[in-house]
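Colleague: Single-letter residue listing:
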Amino acid sequence: MSYFLQQVINGLQLGFVYALIALGYTMVYGIVRLINFAHGDVFMVGAYLGYFAICYFHLPFPIALACAMLGCAIIGMSIERIAYRPLRSAPRIASLITAMGVSLFLEYFCSLKFVFSPNYLAFPRPFAVRTYQVGNISFSTIQIVVFTVAILLLVILQYFVQKTKMGMAMRAVSYDKDTAKLMGINIDFIISLTFGIGSALAAAGGVLYGIAYPQINPFMGIMPGLKAFVAAVLGGIGSIPGAVLGAVIMGTVETMSSAFISSTLRDAIAFSILILVLIFRPTGILGKKGTEKV
Amino acid sequence: MIGRNDYGDKEIMKNSDSQKAPVLQLKNITKYFGGLKAVSDFDLKLKQGSLVGLIGPNGAGKTTVFNLITGIYTPEQGDILLNGQSLIGVKPYQIADRGIARTFQNIRLFNDLSVLDNVRIAYHMHVSYGLAAAIFRTRSFAREEAELADRAGQLLSIFNLQNRAPEKARNLPYGEQRRLEIVRALATEPKLLLLDEPAAGMNPQEITKLMELIHFIRERFKLTILLIEHHMRVVMSICERVAVMDFGEKIADCKPDEAQCDPKVIEAYLGEE
Amino acid sequence: MKFHRILPAIVVIGAYSLLQALMSSHVLNPYWQQIIQFAGIMTISALGLNLIYGYTGQFSLGHAAFYGLGAYTSALITKSFPQGGIASLLVALPVAVVFVGMVAFLIGLPILRLKSDYLGIATLGFGIIMKVVFDNADAVIPQMGGSRGMLGIPKLTNFTLVFVFAIATIMVIRNFVFSSLGRACISIREDEIAAESVGINTTKYKTLGFVIGSMFAGIAGALYAHLYTFLHPSNFDFLKSIDVLLIVVLGGLGSISGTVIAAVGWTFLLEGLRVVLPSQILDWRLVIYPLLLIIVMILKPKGLLGGLELRFLKPSLDCSDRKE
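Here the protein sequences line up with chains A, B and C, keeping their order. Just so we're aligned, residue 1 is where the first sequence starts under the working numbering, counting upward by one. Just so we're aligned, residue 1 is where the second sequence starts under the working numbering, counting upward by one. Just so we're aligned, residue 1 is where the third sequence starts under the working numbering, counting upward by one.
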């Protein structure tokens, strides 16, 4: 039983990291209907920025985290400006392919020797790691940090989206871009902002991932990015609570499959669950049933 | 009895008894969308060859009725009968096969395809060759394709669209797009035609032409027509009868001029001229 | 016979003869022979995806899974008949293709009803599941090698075989697309609700397009297995599915000639970069390639041919698709 609960906690840890990535996917999809395949690689860059902030500049953890988030926000907004904005009126598939191109570019550029190099790097732990026992279950400082940072960021995001004027503008644009424009909302700015926030969250996810699973390399974003995206769809793409729900489910299922069934089959199990959910709820768990007007 | 109509197509001629039975009958149709009752206890009978209007303010449920008839939605209660056969649970493409064709409120053409292809696709259910014949280009395939192109071309000529045949449907002017949608519907050789706001966005001259067209197709193709419209001129001049809806319910079912005087109809938003 | 029908036939025969001569006389070394055959194999696979996505509008991100199924299935069969030679491949091909078709049918049944992006995700998930299956298949079928890879597949693919199959694929898909069945598929891409309203059984035709398209991926996979003689599950992961999708979009959705040009061009671009770049910056190959991809997409978002088709492919009866 305690082993089970232990795995649940591990699953939640992974799930919260996925949630930080999934939010970027869901917000961008909600606003421009783009599956930003490059998002997982922004997560990777965030991990590296955190690495350099801690190892080379010896910044304390919160500052390093903030730097990584800021750096990736800028990168994310630049990508949008350069690669996606020109294609806003083109068929959606063109943006999708471009996103794949950006993804490949980030991966291979970062793996060049003079950039990050293709080798695995050991991510430092910028704070003392202690284990705490509650009954038969152990918590480590890492898990506490992951949960705290993730939940804090989620709360801030939720507040921003629901209670501020800009957040309302973001929601408006995701419902109906043209009407929002007519209401005087600066679409370009809002879209940039969305990419910026999503990328910053992914960066936070990257740093936390680096701390929790301390090996980073330029291709580390592919699978987590994919899983986070699946999580966003599972929860209902375009829905912020859905992304978190889907991510937590994905993380838990993955960890539990690995622990109780087989770690080689864990991806197959996770994706089978995805397909099953989509068959019964085609727009995801919390997704809106988009009825097409006939 | 089997005879041939103007096109030389086989057509089962009804004996006088069944000519009295309604082509379309809706009985106590109710449709919910979540908690909203979009259509409530709706009844309708259409006799063969009639031209009936379905009117009412926006949001009254008229297009929902169309969608129920064509099988896009399934009613929670009630029955829909085409020549006595129930349509409940029948898939939309099967309903098209049984003889109901429609146009859409916001034109739904195959935009990237040519005008000719738009019509040819509508003939698909009458095509008899299969996959092997298509891939190996057998003689029967070639013959049927030629016939198909011919029939589609003839149909387009009747409606003066044959010159547009190679153009993409999206490039046609609005009025011709609406006409093409009607032509495409006719290519399925329907018995019942549902027209959803065919006059929308048209100027008065176009509307006059449209009314002539509707009369023409009813005669030429021996159709029963149910028409949703907001342009009262159209409704008053061509409809033999109108069914008036408001908030999902039928509030009147009578001749157009009677409807004009009905206080319930006046009270509901009668629609704009 | 019309002139514009004879000319392409002459071009095809001429191209074949030229390339075959260059290969037999070893002007083209074995490396380039392999690349040319690979280009042909990618063409077949991409044409299959073009049928599924470009023509029928079903967004499939799992195409490599069927490619892999065709590869492994045919390899298992030919390896069972080690003295079989080319005959064993010609037997293995239809068996593998039918098997791939059945799997495509079974997976298509529940997921083809999903809308666009969700279908993409479901097929992506299927692709990943298949890769995990390939990785662990040796637990059930040891010859498949699992994550160690499958070795020792007889090298039965040759240029003639690939060329013949590529041309056959082009003709079959072209004949399908310019027929009422093909038009039914296209109508689904354009407007599914309108298609249903004119009597098209959209479920049937979505499935038909998906199964046939996947079967072509199976053919391509089988030819691939017997060219490279070694299979590893990482050859069939979702990144490979994305490669094929890329080719189809680059060529222009719904254009056979576009897909062929893009498939060949893409293969030679990747190889060409390997040749052109000086060895010190060879690892820039995979940095330049996506940059080129991004630039092409921004400049030509509808693909290189923009969905238009070369005239000789269109039937003379057809007066549609006037070049604009």
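Please note that a few of the clues may not be correct.
Here are the simulated DSS-like pairs of lysine-lysine, each with C-alpha atoms no more than 27 Å apart in a straight line [claimed, not checked]:
(1) A:K288 to B:K191
(2) C:K204 to A:K177
(3) B:K191 to C:K115
A few chain B residues that face chain C, going by a derived Cβ cut-off under 7 Å, partial list only [what the hints assert, rightly or not]:
(4) R98
(5) G99
(6) R108
(7) D117
(8) A122
(9) H124
(10) L186
(11) T188
(12) C261
(13) P263
Quick look at which bits of chain A chain C covers, simulated, 3 or more residues with Cβ under 8 Å [said to hold, decoys possible]:
(14) 123-131
(15) 171-177
(16) 268-276
Rather than coming from a laboratory, the hints here were simulated on the basis of the structure. All residues carry an ideal CB built from backbone N, CA and C; glycine is no exception.
Colleague: So, for every hint listed, does it hold in this structure?
Modeller: We went through each hint and held it up to the structure:
Distance check on the hinted pair: K288 (chain A) and K191 (chain B) sit about 38 Å apart at the alpha-carbon level, beyond 27 Å; violated. The hinted pair formed by K204 (chain C) and K177 (chain A) fails the criterion: a straight-line CA distance of about 36 Å is larger than 27 Å. As the CA atoms of K191 (chain B) and K115 (chain C) are separated by approximately 32 Å, the hinted pair breaks the 27 Å bound. Contact between R98 (chain B) and chain C, as hinted, is not supported at the beta carbon level, the nearest pair being about 9 Å apart and thus beyond 7 Å.
Among the interface hints, the one on G99 (chain B) is violated; its C-beta lies about 10 Å from the nearest C-beta in chain C, farther than the 7 Å criterion. Nearest Cβ of chain C to the Cβ of R108 (chain B): about 4 Å, under the 7 Å cut. The hint holds. Taken as an interface hint, D117 (chain B) checks out: its beta carbon lies about 5 Å from the nearest beta carbon of chain C, inside 7 Å. The interface hint given for A122 (chain B) holds, since its Cβ lies 4 Å from the closest Cβ of chain C, which is under the 7 Å cut-off.
Given hint, H124 (chain B) at the interface with chain C, holds; its Cβ is 5 Å from that chain's nearest Cβ, closer than 7 Å. At a threshold of 7 Å, the smallest CB-CB gap from L186 (chain B) to chain C is about 10 Å, leaving the interface hint violated. A distance limit of 7 Å between C-beta atoms decides the matter here; for T188 (chain B) the minimum to chain C is near 5 Å, and the interface restraint holds. Here the hint on C261 (chain B) is broken, as its CB sits about 36 Å from the closest CB of chain C, past 7 Å.
This hint is violated: P263 (chain B) has a C-beta 37 Å from the nearest C-beta of chain C, more than the 7 Å allowed. Look at the region 123-131 of chain A against chain C: 0 of its residues bring a Cβ nearer than 8 Å to a Cβ of that chain, fewer than three, so the hint is violated. With 0 residues having a beta carbon nearer than 8 Å to a beta carbon of chain C, the region 171-177 of chain A misses the requirement of three or more and the stated coverage is violated. Counting residues of the region 268-276 of chain A whose beta carbon lies closer than 8 Å to any beta carbon of chain C gives 5, which reaches the threshold of three, so the coverage claim holds.
Violated hints, listed in ascending order, are 1, 2, 3, 4, 5, 10, 12, 13, 14, 15; each of the other numbered hints is respected by the structure.
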